[in-house]
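Could you build all of it, start to finish, from the sequences and the hints given here?
Protein chains: 2
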Amino acid sequence: MHTTRQTCLERDAQDPLRHLRDLFELPADTIYLDGNSLGPLPKATPERVAATVQQAWGQDLIRSWNSAGWFEWPLRVGDKIGQFIGAQPGQTVATDTTSINLYKVLKAALALRPGRSRIVSERSNFPTDLYIAQGISRDSGHRVELVDQDDIAGALNGDVAVLMLTHVNYRTGAMHDMAALTRAAHEAGALVIWDLAHSAGAVPVDLLGADADFAVGCGYKYFNGGPGAPAFAWVHPRHVDAAWQPLSGWWGHAAPFAFDPQYEPASGIARYQCGTQAIISLCALDVGMDTFLASQALGGMAALRAKSLALTDLFMQLVDDFASANGLSVVTPREHGKRGSQVSLSCAHGAYAMVQALIARGVIGDFRAGDAQQADILRFGFTPLYLRFVDVWDAAQALRDVLHSGEWQAAPFQQRQAVT
Amino acid sequence: MHTTRQTCLERDAQDPLRHLRDLFELPADTIYLDGNSLGPLPKATPERVAATVQQAWGQDLIRSWNSAGWFEWPLRVGDKIGQFIGAQPGQTVATDTTSINLYKVLKAALALRPGRSRIVSERSNFPTDLYIAQGISRDSGHRVELVDQDDIAGALNGDVAVLMLTHVNYRTGAMHDMAALTRAAHEAGALVIWDLAHSAGAVPVDLLGADADFAVGCGYKYFNGGPGAPAFAWVHPRHVDAAWQPLSGWWGHAAPFAFDPQYEPASGIARYQCGTQAIISLCALDVGMDTFLASQALGGMAALRAKSLALTDLFMQLVDDFASANGLSVVTPREHGKRGSQVSLSCAHGAYAMVQALIARGVIGDFRAGDAQQADILRFGFTPLYLRFVDVWDAAQALRDVLHSGEWQAAPFQQRQAVT
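Keeping their order, the protein sequence lines are chains W and R. Residue numbering for the first sequence follows my numbering, beginning at -9 and increasing consecutively. Residue numbering for the second sequence follows my numbering, beginning at -9 and increasing consecutively.
Just so you know, these hints were derived from the structure itself, not from any lab. On a predicted model such as this, the values are computed, not experimentally measured, just so you know. Please note: incorrect hints may appear among the correct ones.
[To be verified] Label-pair ranges, simulated between beta-carbon atoms: (1) W:Ala284 <-> R:His394: 50 to 58 Å; (2) W:Gly144 <-> R:Ala359: 54 to 62 Å; (3) R:Arg128 <-> W:Gln139: 43 to 51 Å.
[Unchecked claim] Computed far set for chain W versus chain R, every beta-carbon distance over 10 Å: (4) Tyr22; (5) Thr35; (6) Lys97; (7) Leu102; (8) Ala174; (9) His176; (10) Leu198; (11) Leu299; (12) Leu304; (13) Phe312; (14) Lys328; (15) Gln387; (16) Arg390.
Glycine included, every Cβ here is placed at the ideal spot set by N, Cα and C.
In structure tokens, the structure reads:
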């Protein structure tokens, strides 16, 4: 059947996930394709945050550490996240930032592989992951070896302590085969750390099934936890009590309220906590997870994935009609098993101005600059919780119109800061 | 003049800071003497937090990184804190947690003193500070040497890399002479890290005047930033560009939006940032600081200190009348220059039950357990922003009544969790 705006509306009417959109506060006249950078506001968040601020903090004050259970929140929220990454209860903690959690797990992993001198990662990994590894390397003497995607398996040998990868690439949306690469690393005697920033809540993840060693990820993208929401960490049970993580603060102590001058790590993932957590932001992440959990009754991650693939397939099909004639090309893998929940278009020049022209039309995507090795990228995230097929149609039409009208070439646009 | 409840009311009527109390939401029928653990809610906070959640996040979404200036918040809020700790603008950053910031500055300080093998601290320092030092020591081989207060100066020699102290003791309220101890450490060639958790916003602090090297501190106590508010870090300009801090994440990069795979630290205190910050919690801290800044027009930290000393003098005077007969004694130093903004009473037994009986009467203090070396403590924080002289009178009367009635011996109280 030929795809038209009408057929998109019909698909939306039949979409079993269509009511999940009602759980979000979405600005009028906006198609938000940047939920992979900052997820939108769940409708339940303002009231829950206000209750934490006005009742739990304002009225109950210090007593809320008990009465509101604040001390338990990182593990309680962690368990909600755990349901979407193939973890068992008690294995995941929501705390600190992705970068800090990566520092914890990378130091712990290196301590478990003494005598091995290398950390292998991907040249196109998200930069902050590489920065954290470089900071550790400067102190510990480990060598950080950056390779291209196709060379990862070949780089694994008896001198590699840790393979550190981001599951779904932030620029291209390409997804690694977690199970296969984990197996390859283990065959070389190395441990694997997976950064799930662009895959948790975006694609089915099965950490235990893949036999992964460590994972970290983000609360403010697909989980809609709010700007700078706490991140998470997961550690396989076989490792969790085998090493101290280096940020040995009071919240990770075996008896945190005993005020013992000697540190004794808690057993389990609790030891991956450090200092007092930002409770108001953690409250917003908790609502983000509760909102995400509403998908469980409708088929959960499998249903979300099926819709995500349908949305991204549709967008690629629609832009194929006009992309190449305008110097654009889809760089996200076409094969379902090899991509996340975004579509990236490479562009020889003008990508930034195109994204700005789209934003002026209410279609919010984002831009990632290229360099000597790679072209500029227009990046569009497709989040099945709140996007409709008709949004995909309208976004593709807007891109076509921006290209054909040439309006992106006319306007002066300021360089925009971007986070992810 | 003999002190009565009436003379307390008269002092309140003449108190030039009396209107600052109106800036806080304080529960009815409560005297809150635990602002040294979790400061109360400023009245302006709910609306500002709601605006960040509903407008900046909900409506403006990803654009708020620019339009709301989120990226600048840690340094902007840091500068507000800097005014109360003797820092110049651009030297303080509000970010992460106290424990994590201590890790950053301790690692940086150790890197600046190669060849020295010891970290000296106080046995009665706040435990999480010791835990962080122990975590570093385990990795780096430095020895953590814990001494009693009177032995600090004697422990400083040519093998000491860092002297790490909390300025005001969390249990006793005793305050170190920052300038003298910093001088003694420098004479031994060591660097000094000051934890200001119980002094920032509680007593005048002059980091530059004392020639301190590094400092960290807390946003949720005297600065009223909300539960788990971001903490802060300060580094003397002579050191700030001299070392990497170990948590080398994207937010501390010289060009954080360039997505360069190589880490290059920003110059200045910006490099002490790591990952994406909890913006909603940071918003609440910003309001806490704006509320605190209202004191500047009324004499600022000097006026707050004068009232704090008057409040604590009064409380000590009042409890002196009945303390010893009931097995209590004031352990906080009487001398003004040697104490912070709290009064601690030691107690051979029953301290926890007494605090619970006080809470039942609406007087919220807290309890810190003792051990083989030290007795249990009843701890009362006196924060001149919102406490009145009559509150001190009523709190002392409540304590007297609790002791005389024996009600604390009757009730079964559950062990309470506590944070600080």
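Just pull the numbers of the violated hints for me, sorted ascending. Per hint list: 3, 4, 5, 6 violated.
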